[in-house]
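*Asks:* Given only the sequences and the hints, what does the whole structure look like? Please build it.
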Amino acid sequence: MTKLELQNHQVWRDLTEILEILDNNALAKKHLELCDYKICGYWDEQDKYYETITLPRILEAELISSSIGVTYKERFLQLKFFLIASAVDGTHKLGELVLIYNENLEFIDENWLLDIDSPMLEIQF
0 MTKLELQNHQ VWRDLTEILE ILDNNALAKK HLELCDYKIC GYWDEQDKYY
50 ETITLPRILE AELISSSIGV TYKERFLQLK FFLIASAVDG THKLGELVLI
100 YNENLEFIDE NWLLDIDSPM LEIQF
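Using numbering that gives the first Met the number 0, read the sequence shown as starting at 0 and increasing by one per residue.
Quick caveat, the hints were computed from the structure, so don't treat them as lab data. As the structure is a prediction and not an experimental result, all values here were calculated from the model. C-beta atoms are modelled at their ideal positions from N, C-alpha and C, and glycine is treated no differently. Accuracy of the hints is not assured; some may be wrong.
Restricting the straight-line Cα-Cα distance to at most 30 Å, the calculated cross-link-like pairs of lysine-lysine (DSBU-like) are [unchecked claim]:
{"id": "1", "residue 1": "92", "residue 2": "47"}
{"id": "2", "residue 1": "79", "residue 2": "29"}
{"id": "3", "residue 1": "28", "residue 2": "92"}
Pair ranges (Cβ atoms, derived) [claimed, not checked]:
{"id": "4", "residue 1": "9", "residue 2": "45", "range": "15 to 23 Å"}
{"id": "5", "residue 1": "37", "residue 2": "83", "range": "43 to 51 Å"}
{"id": "6", "residue 1": "119", "residue 2": "16", "range": "30 to 38 Å"}
{"id": "7", "residue 1": "48", "residue 2": "107", "range": "38 to 46 Å"}
{"id": "8", "residue 1": "88", "residue 2": "9", "range": "43 to 51 Å"}
*Replies:* Written out as structure tokens, the structure is:
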């Protein structure tokens with residue numbers, strides 16, 4: 000049996016180096032700007048459909064995790080953010096955004112998990 004230890008593998012050092020170079024918050028902010036702070040065609044956890052959800056423009060994205068993925072054909076970088084809005088009564092966590100990029104840092108996909116009950120979201124059914 001072959002024993003493989005990844006604890007000190009170069010892949011972790013490479014990921015750490017990439018994340019130090021990247022401006023993760025700028026990537027999230029750019030994505031929000033490109034989608035005009037709107038999500039079209041959102042399904043919540045109870046399979047309820049929302050035509051359009053507009054996020055507040057005062058939104059901040061906080062990186063909470065990062066990972067790399069490898070398939071037989073491709074490699075990708077996944078960044079997960081908390082979406083936080085500031086208001087008079089404090090800060091509100093509106094949900095999470097996962098952005099996936101290919102190895103050339105080209106956008107591949109997004110995944111949203113929103114707090115639909117938040118009064119800071121503008122929802123159209």
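*Asks:* Tell me, which hint numbers fail for this structure?
*Replies:* Those not satisfied are hints 4, 5, 7.
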